[in-house]
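> Throw the hints in and build the complete structure from the sequences for me.
Protein chains in written order, with this note's numbering: chain D, 1 to 457; chain P, 1 to 457.
Be careful, since some hints might not be right.
If you only want the chain P side, here are some residues facing chain D, beta carbon under 7 Å, derived [claimed, not checked]:
(1) Gly43
(2) Tyr46
(3) Ser49
(4) Gly50
(5) Thr88
(6) Val92
(7) Thr98
(8) Arg99
(9) Thr378
(10) Lys408
(11) Val410
(12) Ala416
(13) Pro436
Output of the computed footprint for chain D on chain P, the stretches with three or more beta carbons under 8 Å from beta carbons of chain D [claimed, not checked]:
(14) 303 to 311
(15) 316 to 322
(16) 331 to 342
(17) 363 to 377
(18) 437 to 447
The following label-pair restraints were derived from C-beta to C-beta distances [said to hold, decoys possible]:
(19) P/Gly184 x D/Phe141: 33 to 39 Å
(20) D/Thr274 x P/Asn115: 52 to 58 Å
(21) D/Pro379 x P/Asp83: 23 to 29 Å
(22) D/Thr274 x P/Asn279: 36 to 42 Å
(23) P/Thr378 x D/Pro53: 17 to 23 Å
(24) D/Thr274 x P/Met1: 52 to 58 Å
(25) D/Gln359 x P/Asp299: 38 to 44 Å
(26) D/Asp139 x P/Thr378: 27 to 33 Å
(27) D/Arg295 x P/Gly237: 22 to 28 Å
(28) P/Thr201 x D/Gln359: 51 to 57 Å
(29) D/Pro379 x P/Ser324: 31 to 37 Å
(30) D/Arg295 x P/Asp34: 45 to 51 Å
(31) P/Pro281 x D/Thr274: 43 to 49 Å
Bear in mind the hints are in silico, worked out from the structure with no lab data behind them. Keep in mind the model is a prediction, meaning the values are calculated, not measured. Ideal Cβ placement from N, Cα and C applies to all residues, glycine included.
What follows is the residue order along each chain.
There are 2 protein chains.
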Amino acid sequence: MRLVIIGGSDAGIRAGLRARQLDPITDVQLVVADDYPNFSICGIPYYVSGEVPDWRSLAHRTKDDLESAGLQLYLQERAVGIDVDARTVSTVFGAGETRAIGYDRLIIATGALPNKPPIAGLDQLGADDGVYLLHTMADTFAVTQTLDRGARSAVIVGAGYIGLEMAEALRNRGLDVTVVEQLGQVLPRTLDPKLATLVETELERNGVTVSCDTAVTSIARSDFGLQVNVSLVDQPGSLAADLVLVATGVRPDTQLAVDAGAKTGFGGALFVDTGMRTNLPDVYAAGDCVHTHHRLLDDPTYVPLGTTAHKQGRVAGENAVGGSATYAGSLGTQVVRIFDLVAAATGLRDPEAAGAGYQPATVYSEPYDHKVYYPGATPIALHLTGDTVTGRLLGAQLVGGSSAQIAKRVDILATAIHYGGSVDDIGTLDLSYTPPLGSPYDAVQIAAHAWRDNQIT
Amino acid sequence: MRLVIIGGSDAGIRAGLRARQLDPITDVQLVVADDYPNFSICGIPYYVSGEVPDWRSLAHRTKDDLESAGLQLYLQERAVGIDVDARTVSTVFGAGETRAIGYDRLIIATGALPNKPPIAGLDQLGADDGVYLLHTMADTFAVTQTLDRGARSAVIVGAGYIGLEMAEALRNRGLDVTVVEQLGQVLPRTLDPKLATLVETELERNGVTVSCDTAVTSIARSDFGLQVNVSLVDQPGSLAADLVLVATGVRPDTQLAVDAGAKTGFGGALFVDTGMRTNLPDVYAAGDCVHTHHRLLDDPTYVPLGTTAHKQGRVAGENAVGGSATYAGSLGTQVVRIFDLVAAATGLRDPEAAGAGYQPATVYSEPYDHKVYYPGATPIALHLTGDTVTGRLLGAQLVGGSSAQIAKRVDILATAIHYGGSVDDIGTLDLSYTPPLGSPYDAVQIAAHAWRDNQIT
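The following block contains the structure:
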């Protein structure tokens with residue numbers, strides 16, 4: 001059996017590994033566009049910051065590891081066509097050479113492309129000018145070279161988690177950093193405004209300038225670097241920078257699949273069922289190129305996250321070798337560390353829940369991470385969203401200090417949502433307690449009690 | 001409605017608060033044997049160590065807080081009899097005065113008493129001699145006075161979590177500390193031997209001498225303090241100490257209730273149904289004096305933990321004022337921090353599971369707490385126990401560094417067990433990830449995959 005996988009990032013590699021684990025004689029061939037299979041793209045900010053000194057360590061597994069696991073890798077080879085009838089993938093490699101690779105089963109894991117916002121001048125500027133849409137290892141090396149050449153100031157367009165992680169990284173490298181966000185808050189797709197304010201304060205406490213409600217209208221080269229023209233609540237302004245990073249989200253990279261007849265779903269992402277099957281015979285897809293089934297929504301949405309890509313890839317790989325795995329669905333769970341603060345979210349935010357037909361209520365509470373009498377206790381800002389009709393837990397957001405176990409506290413709530421749990425369930429969970437690390441009722445349980453008390457009054 | 005509660009610790013106070021919250025005109029009277037209502041007994045080691053400078057801050061709530069919440073407190077008043085027919089509790093207070101307090105509903109929250117192992121001489125020695133069964137605030141003050149008088153060495157009998165927390169506390173105070181444990185490992189009721197070894201190493205790394213397989217046969221006063229005679233695998237030996245702490249677990253304090261006709265259940269603890277009702281009319285009980293319903297066991301067991309006491313107290317308080325709450329059941333979830341290590345467990349250990357009729361398998365794995373390329377990654381020693389017939393997750397133990405979010409990682413697994421989840425479910429949970437705080441598959445998911453892979457091979 002010949003399994004061909006297009007894409008060498010989280011979904012593609014995971015699919016290949018799972019296929020070989022279940023069927024060690026399957027012939028697994030991966031077509032990888034660059035020279036960096038199985039790299040941790042999420043780790044790029046920490047290489048740029050200098051915390052990870054060697055970029056090679058960003059590889060989840062080395063090429064040797066992958067080959068030992070039975071994956072045949074075609075690096076720096078680009079898939080340019082899929083012939084579904086002939087069951088071949090045509091590729092380009094080397095100095096324009098081409099070939100057709102035959103498959104019995106195909107997994108498309110082409111990932112995503114960075115969004116390019118409508119900023120005048122953006123199309124004309126590139127890495128040579130100090131303007132980047134950070135997405136690949138090649139982009140990463142271009143950025144670090146610019147830093148090594150002595151760049152002193154940066155404008156980051158977009159205050160999503162990648163924008164903020166890069167703001168921290170560049171600040172750690174000593175640059176003056178300004179984050180420009182078109183919407184009214186940082187992390188606009190992750191946090192409610194009240195909690196986002198805490199993140200904004202932490203950025204500013206660490207010397208990052210944050211400008212929300214600000215659209216970038218144009219970018220141009222000046223004699224002294226780059227000039228970023230902005231519009232702050234309709235007031236024009238201008239920022240100077242040696243380096244501009246555009247981090248305004250991603251969109252699914254689907255052209256190849258669509259040209260072969262693949263159906264698309266939410267947001268133009270590839271349609272797949274929960275077995276990661278496309279509409280094309282024996283063709284699966286996984287990762288940032290597909291729409292995402294969500295445990296709290298009837299219809300798929302789009303959640304391009306590494307965690308999701310791994311799980312979808314695992315399902316695709318299993319099913320491609322004859323399995324019957326099902327993707328359990330996403331909750332959009334995510335966490336980001338910004339300097340000494342950690343922000344995390346899972347499930348639906350209040351407006352999302354309302355839009356999906358729930359009747360949500362969201363209650364704010366501020367429980368401590370552990371007993372206040374023990375040194376180092378810090379408050380956790382917590383939004384809990386539940387359905388007022390059924391009592392079902394729908395979502396949560398937590399912002400707290402880096403010692404407050406935020407990342408795994410959000411996971412407690414994500415686990416309860418996974419099982420369809422109610423807000424009241426949370427208070428009854430048998431969670432661990434010792435004074436330096438928690439409370440008899442954990443912070444998440446105090447939040448659940450607060451939600452319920454708020455419904456009664 | 002007159003609600004009388006006997007006991008002013010976690011279960012009693014929580015019951016009273018819940019009753020008043022639901023029914024603000026209920027007359028709630030608490031009979032509290034000492035002067036320290038609502039004290040965090042779990043915090044005592046951190047006061048002894050000096051990390052909590054003021055013992056008063058160990059109060060979850062002050063007397064004023066409790067009275068403002070509508071609880072009438074009778075401090076230093078001891079309940080000595082319950083007349084179920086007359087619906088009165090007779091008490092002794094002050095200089096031997098007595099009275100009878102009438103009730104419509106009664107909640108018994110008398111807690112537990114420290115076990116007194118059969119050690120020759122133990123009955124004849126007390127605080128004046130430097131021998132303590134640490135249980136009350138009065139015991140605590142006696143210990144700290146002994147420390148303030150310059151005690152230089154301590155023997156701790158029992159390597160349960162209280163024994164080990166006190167070992168750390170006394171070591172932090174500069175004492176030579178030896179922990180003597182009759183069984184073959186530390187934390188014998190919490191961890192499997194393989195994981196307990198890590199805790200033992202951490203204790204020794206911090207200068208605590210640990211002697212397992214060692215029974216204390218007698219304690220006697222010598223001219224230079226105390227002589228603790230031990231038997232190490234049948235070899236007699238002797239330890240000198242200025243201070244001996246006996247921490248060999250607790251047993252339910254039930255005499256008062258039993259004398260009034262209360263039925264007992266597991267281990268002599270008071271029988272209660274899941275509504276915390278005893279067999280006596282209008283009499284409820286909660287906390288360390290009652291047996292514990294367990295989500296993975298058909299029959300009650302005994303799990304004297306603060307977390308359990310709070311939840312049972314809440315149910316008792318709710319039902320005493322006409323509610324219909326149900327105690328959701330324990331998983332025995334617990335966590336202890338020993339110096340720079342955190343050890344946690346939830347659910348059943350392999351032999352417990354086998355004894356309860358499951359067909360368990362336990363698999364060891366050692367995933368990192370976060371991506372190894374990011375500085376500070378530490379391995380987590382992890383035992384996952386699942387049922388080989390149904391695939392159900394039955395239990396887990398985790399030991400790792402203090403930055404490894406062990407306390408809340410065990411809670412993810414406790415939450416899954418709460419909902420009857422399978423080991424395979426764990427791998428499908430949508431958990432949060434950022435390189436400094438996790439992995440695309442979290443450590444608990446890597447452990448779940450390892451368990452499954454181990455079943456296949």
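> Is the distance from the Cβ of D/Asp139 to the Cβ of P/Thr378 consistent with 27 to 33 Å?
31 Å, holds
> Minimum Cβ distance from P/Tyr46 to chain D below 7 Å?
6 Å, holds
> Cβ-Cβ distance between P/Gly184 and D/Phe141: within 33 to 39 Å?
Since P/Gly184 and D/Phe141 have Cβ atoms about 55 Å apart, the given range 33 to 39 Å is violated.
> Per the hint of 31 to 37 Å, is the separation of the Cβ atoms of D/Pro379 and P/Ser324 within bounds?
At 34 Å between Cβs, range holds.
> Mind checking the hinted window 52 to 58 Å against the Cβ distance between D/Thr274 and P/Met1?
53 Å, holds
> When the nearest CB of chain D is found for P/Gly50, is that gap smaller than 7 Å?
Hint violated; P/Gly50 Cβ to chain D Cβ min 11 Å, cut 7 Å.
> Using Cβ atoms only, decide whether P/Ser49 comes closer than 7 Å to chain D, and label the hint accordingly.
Not OK, violated: P/Ser49 not within 7 Å of chain D, min 10 Å.
> According to a criterion of three or more residues whose C-beta lies within less than 8 Å of a C-beta of chain D, is the region 316 to 322 of chain P covered?
violated (count 0)
> Does the nearest C-beta of chain D fall within a distance shorter than 7 Å of the C-beta of P/Ala416?
6 Å, holds
> Are D/Pro379 and P/Asp83 spaced within 23 to 29 Å by their CB atoms?
The hint (23 to 29 Å, Cβ to Cβ) is violated, given that D/Pro379 and P/Asp83 are roughly 47 Å apart.
> Just to be careful: measuring from the Cβ of P/Pro436 to every Cβ in chain D, is the smallest value less than 7 Å?
5 Å, holds
> With chain D as the partner, please determine if P/Arg99 meets the hint condition of a C-beta pair closer than 7 Å.
Not OK, violated: P/Arg99 not within 7 Å of chain D, min 32 Å.
Violated hints, in rising order: 3, 4, 5, 6, 7, 8, 9, 15, 19, 21, 22, 27, 31; the structure is consistent with all others.
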